[in-house]
Amino acid sequence: MTSVRSQVRQRRPARVAGPVPAWLLGLVPAAFLLVFFGWPVARILAKGASARGLEQLGRPRLWRVVEFTLLQAVLSTVLTLVVAFPGAYVLNRYAVPGRRVLLALVTVPFVLPTVVVGLAFRALLPASWIGSLGVILLAHVFFNYPVVVRVVGGLWGQLDPRYVQAARTLGASPWQAFRTVTWPLLRPAVLAATALVFLFTFTSFGVVVVLGGPGTTTLEVEIYRRTAELLDLPGAAVLAVLQLVLLGSVLLVSARLQAGEAVAQRLRAPSAQALLRPRSPRQLALLGSVLATVVVLLGAPLAALVVRSVRVRGGWGLAFWRALGSVDAGTTRFAAPLDSVRVSLQYAVVTAIFSVLIGGLAACAVAYAGKAGRVLDVAAMLPLGTSAVTVGFGLLIAFARPPLDLRGSWIMVPLAHTLVAVPLVLRTVLPVLRSIDPRLRQVAATLGAPPLRAWATVDLPLLRRALAVGAGFAFAVSLGEFGATAFLARSDTPTLPVQVVRLLSRPGEIPYGAAMALATILMVVTAAAVLGAEALQGRQQGRQQGHQ
Amino acid sequence: MNATEALKVHGVTVKYGDRTVLDGVDLEVGPDEVVALLGPSGSGKSTLLQVIAGLQRPDSGRVTWAGADLTAVAPHLRGFGLVFQDALLFPHLDVAGNIGYGLRVTDGQRPTQSQLADQVGELLDLVELPGYGDRAVATLSGGEAQRVALARALAPAPRLLLLDEPFGALDRELRDRLAVDVRALLHRVGTPAVHVTHDLAEAELVGDRLVRLAELARPV
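Sequence lines, in order, name chains A and B. In the working numbering, each number is its position in the first sequence, counted from 1, plus 8. In the working numbering, each number is its position in the second sequence, counted from 1, plus 1.
Please keep in mind that the hints were generated in silico from the structure rather than gathered at the bench. Note that the coordinates shown come from a computational prediction; the quantities given were computed from them, not determined experimentally. Where hints are given, some of them may not hold.
[Stated by the list, open to error] Label pairs and their in silico Cβ distance ranges:
#, chain 1, residue 1, chain 2, residue 2, range
1, B, G43, A, P289, 31 to 37 angstroms
2, B, R160, A, A112, 55 to 61 angstroms
3, B, A215, A, S297, 41 to 47 angstroms
Every residue, glycine too, gets a C-beta built ideally from N, C-alpha and C.
Just chain B, with the same shape it has in the complex (with noise of 0.2 angstroms):
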């Protein structure tokens, strides 16, 4: 095992059709660092974290964490996070039913109910929205929304978070809070993530490090 790196991404190649998407890539992520990813849209940004997460499935190259090979794992045996774009809370539960639900689905002992309440209590906390339990998704705000989908994601405690242009729907003010807000966040609760965006200043309020896709790939 190398200590150095968690996540490893060797050389991956996507393809739709006849246009090549990504063309290897390789990535590396430190056991507790937040890599921000920068680039442009349309540059694979979501296909590569789509592939890290197992939810796309490379034409070539590999996907390792701690030197264990994860390209034929299924998404939920990976133990990824992954918060979307638009936070695609799942329209038929309510807000602790959206954040309970990786803690409900995972397989070995399931929490009984008064541990589940506790949970989702504690993580919106974290996310600063205490006593949301019950709203309906519908009447949540993009920046409450987005707080949700993030302790959703942080609920069955992944061992990387792969955030996918989070702040991307929002407007200028409360991205950059929320930027620091998830800064503070990660290294509050210790978990490696990739933050994907194309916003030079929110990548570097973000990230530890910051890379280019460009830089990653080989020209398209």
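Extracted from the complex, chain A is given alone in its bound form (with noise of 0.2 angstroms):
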């Protein structure tokens, strides 16, 4: 979501010298994302293109499955855009009251395991539904909308409305104002949020695997299908091949349209005067639409999720919610449902440690290293833009067999989870320790300070707060991630949600309801962590502001 803004705004950071050689900062997180992202990545290329591999582009399912997930992508994407659009205005240009609490809570659908946002759709909606392809859509605009809200409407937000006004004077009326003056300022985030979306729709897994049918099969599930059910590595090989190659051309292209889109364009912080207030009763009208979208796509199916995990056969209970506490009701033969959230914890804080880590050690290099440092940026990206089953199947295939056999061992999970974490840290420390001013550290080696030791008392303090926000995100990223996890879990010790979509699978009522119990536990769970994080890079914001 920073692309955009830095778009607007292109100042191109002056490179920092770091307190220590930049390349050997880069050493680790490198070395890390060559052995755990590239070498798998590489096996799996390799498997692809066998013979056997190869074999199965021919197969007429193959391509029924590549014609539906890029079908429900695109529609995904223009229904969420549709949907969404009206929202990104209203809720970044009018006066509502408490709309930035407003804000924050329409983001919480986007921070949701994929798996509680399809668990939720599955309570709400009659059973006959589920397999359909408009029940997919329907999930995905609920997962997507705040994507549209936050880039779109971000922009939107801080678009100066004198634009708008200088327009009106010369004769436009408010549509054709919309049309030659705002859309056109708005096409980049615009073109942004579409690449976000369709990419997170394109490899969908978490609310398909709950919510898909025979019929409404993506790529993702597929992949897991072959390698889980079915034992055809070659297979799910080509198929991950196919989707890498699909999605690489996506993004080139998007970046291709974005880069000739920036215009530099003011943009103003939004004051209150500048909000509109809502008073002609079209503008009430809006105003009441958005509300009720919001309330209804987003509100209705948490809401559900949670009533069906208290709503047992006439009436009211806790049935569900006792039952994850008893061996019998679980999936394992040792271990109740509710072990599954000590699990999750606890790979969680390994998640946080190793993220925080790395991720902070790839901030430092790219920061401190100039143009070698970008490589490094670059790549530590990689990951978030491959599908997440991609990474779980590729360490899987990779550390299957000697010198490094990791097959069953715990480590597997926090590992896949640190891959797709390390990022989010980077996007987080990096603004903030490029915005330390290197005289700091002059002024404190005047002081008679080392090297190291000026940084470890004037960067690292100023960094704190950096990297537990990181932290907090890398914690509820590590809780929610099911694509890499469904193939990394060990079967005696499963993740929240693996438990959860494990206890779905369960014929009867009470696994029904525990799943429900189980994934309104993980709703909560993430959704603290998440609002815990932005809480304090909120207060990081302000504060830095006030300093300057």
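Using the supplied hints, reconstruct the complex from the two chains, each of which is provided in its own coordinate frame.
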């Protein structure tokens, strides 16, 4: 989401000299990426290029899956843009009481684990709908509504309202002013949001696992099915390669389009005075429809999830919640479903530590290294643009034999989560690191501090909060991650999302209700972690602005 | 119809929350008169222009033109041009695109490409920037940008021009030169204008008549 702003204010930060050689700092993150991302992807490519793998390309079923994956991604993207566009406008331009709280709440669906989103819609809609294209589209709109509100609305809220005023005094009607001024200025953000939503829906896994049916399978689910159910590794590899190629070309095209769009424009921090007070019937109707969308589309599924977890036959009760604690209700022989909470929290803590170490080192290397740093910057972002299923599948086939046989090792799960979380830590820490005035360290040096000590006493304290925020995001990512974890979690210690899906696949009323209860726990813990990190980040930005 | 005044502002009051920005302001502008409106920053000068242009709805009071009430008329139907302090040229259009904007969006018959080019050329001559048509707006200096903004506002032939501290962001020397130019220009095209500034010298240079905002309003 920062990409939009950096396009608008193209200010390349000057290179800052670090306390130790940059290559030394970059060594650990680079090695980590090479071993746990580069090598697995190479293994996938090698497996996919084999004769048995290439045979798959002739099968009609494969192309049906590709076709459906593209179709649902395009439809989801268009639908999300249409539904969320009014919200992007109203929530960023209207003076609505409690606007900031509303904006924060609207963000919640995006940070929820995909499995929770899927379950929320299962709780809300009649069972006969499950497996249809419509349900998948609905869940994707729910999940990506915040992306459009944040990316498009973020720019819209900062657009100087006087551009439109200038157009109006030159004779443009409201619609003409939108078409000839607002829309061209918003287009970079619309393109960025389109690319993001397409990326997320094209690689959708958790939602489709929970809500899809036989005819509604995406490439991601098919890769998983081939691996886990059919043990057809070459077939899965070919699909993963196909997926990488398709994703890569989409990202390339969107980068091209966005590069041509950058227009330097005047942005304005939204002040209370610039916000519009809705007065006319049309404005009030627009406001009402946006608020109704937020309540119905975003609120109803989550409410349904909680309600279903306490709705037992003939009334209300905690039977499903109690079942979480009993071994009989579980999917392993030794532990109750609730045990997955402990497992997930442990993985999340390990992931947070790994991610802060690797992401923090990477941020320092990128900030202090100049040109070579940009290579590491891009390389570290790659796992985020790759599908989670590919990350998990790659790790599975790359470390299944010597020299590094990690089959069945618990470390595989936090390793995969770290790959996904490092980009977030990097994006959180890097801007703060670059904003620290290097002369502060020079002052420390003139006071007698050796380089490392100067860094540890000047830069590190200023970075501490950004690192904590990054740790919070990594923690949340680990809790909700499902695509890679589905391949790597050990059968006796499932994580929260894996346990939820396993419960769902068991027959009977108790496992189904227990899945709802467990998903409720997952929703609350994840939302708390992300909102906590965001609040911390907000305080940090406030403090920095206060300093300047 | 009253021949002695074109624009009339009656008792306009604007409040932002608890803060009263304009309190019962009256103002009259004659059919070919340039009024310089003087007031310190934060005194609500810009807000008054926004009310006249129709961009801000007053909490009470009326705006009339030749006796006809405009208070409920949308800004694009008022025929009042507005020049902002910081030019505010559309960044996605070049200089010609900016100047031609008001000619292209008006209802009724649209000019052909060659008519448009001719008119833009004339306007560029008028503000003494001949041949600037295909320049990108980001390459203009502050003074040039302000001249283009003036040409853009004049293009749809407004019946009244509102200038909101148009030279506020420029340095002293450039400001004086532009003030002389604008005065000559306004008299040449014969458009009545309200020129807002906090600078007494500039107000005396541009205006036929000088009005202090503080005298128009009840004290806040």
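Problem - Hint check against the structure, violated hint numbers in rising order - result: Hint check: 2 fails alone, others pass.
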